[in-house]
Amino acid sequence: MITGGKVNLFTREQADLMREAIWNSDEELNTLDPMVGKIVNYLTFAIKTLDGKHIGVCGVYNFDARDGQIGIRIGDKNYWGKGYGTDAISALVNYCLTTLGIARIWLKVLPTNARAIRCYEKSGFTKCGKVVYDGIEFVTMEIRR
Numbered sequence: 001m002i003t004g005g006k007v008n009l010f011t012r013e014q015a016d017l018m019r020e021a022i023w024n025s026d027e028e029l030n031t032l033d034p035m036v037g038k039i040v041n042y043l044t045f046a047i048k049t050l051d052g053k054h055i056g057v058c059g060v061y062n063f064d065a066r067d068g069q070i071g072i073r074i075g076d077k078n079y080w081g082k083g084y085g086t087d088a089i090s091a092l093v094n095y096c097l098t099t100l101g102i103a104r105i106w107l108k109v110l111p112t113n114a115r116a117i118r119c120y121e122k123s124g125f126t127k128c129g130k131v132v133y134d135g136i137e138f139v140t141m142e143i144r145r
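FYI, my numbering numbers position 109 of the sequence shown as 109, with every residue one higher than the one before it.
No wet-lab data here; the hints were simulated from the structure.
Incorrect hints may have been included.
Claimed, not checked - Okay, derived cross-link-like pairs now, BS3-like style, lysine-lysine, Cα gap no bigger than 25 Å in a straight line:
#1 Lys-122 <-> Lys-6
#2 Lys-6 <-> Lys-77
#3 Lys-122 <-> Lys-82
#4 Lys-122 <-> Lys-48
#5 Lys-82 <-> Lys-108
#6 Lys-53 <-> Lys-77
#7 Lys-122 <-> Lys-77
#8 Lys-6 <-> Lys-130
#9 Lys-48 <-> Lys-77
#10 Lys-48 <-> Lys-82
#11 Lys-82 <-> Lys-53
#12 Lys-122 <-> Lys-108
#13 Lys-130 <-> Lys-108
#14 Lys-77 <-> Lys-108
#15 Lys-108 <-> Lys-127
#16 Lys-6 <-> Lys-48
#17 Lys-108 <-> Lys-48
#18 Lys-127 <-> Lys-53
#19 Lys-82 <-> Lys-127
#20 Lys-130 <-> Lys-53
#21 Lys-82 <-> Lys-6
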């Protein structure tokens with residue numbers, strides 16, 4: 001378990017996967033995160049509130065000692081805009097930097113997803129460029145050890 005102030009990150013269980021399958025069929029969530037289902041080589045965690053409610057998923061992808069990509073999805077919209085995503089990202093970044101020893105953590109986000117960009121900036125990320133995947137332009141952000 002990885003602890004944060006508002007959430008804890010756990011190894012995902014069968015019940016978590018079933019809830020995430022429902023989130024994966026949500027049109028609004030898929031608009032905000034068009035890369036779902038296209039990433040391999042990852043370590044993922046269920047995001048749960050301190051009282052144990054599963055509200056999302058986050059993880060680090062294609063990582064080694066030099067760098068790794070992270071991502072997050074708060075699937076339960078009742079928890080949007082309340083600091084849970086920021087807390088989960090901060091806990092995940094701390095885990096990646098200290099436990100995994102990754103020197104650079106980066107992510108990509110749609111330029112229209114202002115809520116996510118604010119979350120990442122609060123967690124210490126800075127914009128570092130743009131990248132295009134499957135014809136979709138993303139802003140890239142990073143944080144270094």
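Verification of the supplied hints:
no. : hint                : result
1   : Lys-122 <-> Lys-6   : holds (15 Å)
2   : Lys-6 <-> Lys-77    : holds (16 Å)
3   : Lys-122 <-> Lys-82  : holds (13 Å)
4   : Lys-122 <-> Lys-48  : holds (20 Å)
5   : Lys-82 <-> Lys-108  : holds (21 Å)
6   : Lys-53 <-> Lys-77   : holds (13 Å)
7   : Lys-122 <-> Lys-77  : holds (20 Å)
8   : Lys-6 <-> Lys-130   : violated (31 Å)
9   : Lys-48 <-> Lys-77   : holds (14 Å)
10  : Lys-48 <-> Lys-82   : holds (14 Å)
11  : Lys-82 <-> Lys-53   : holds (15 Å)
12  : Lys-122 <-> Lys-108 : holds (16 Å)
13  : Lys-130 <-> Lys-108 : holds (8 Å)
14  : Lys-77 <-> Lys-108  : holds (21 Å)
15  : Lys-108 <-> Lys-127 : holds (9 Å)
16  : Lys-6 <-> Lys-48    : holds (9 Å)
17  : Lys-108 <-> Lys-48  : holds (23 Å)
18  : Lys-127 <-> Lys-53  : violated (32 Å)
19  : Lys-82 <-> Lys-127  : holds (23 Å)
20  : Lys-130 <-> Lys-53  : violated (35 Å)
21  : Lys-82 <-> Lys-6    : holds (10 Å)
Checked against the numbered hints above, the structure violates hints 8, 18 and 20; every other hint is satisfied.
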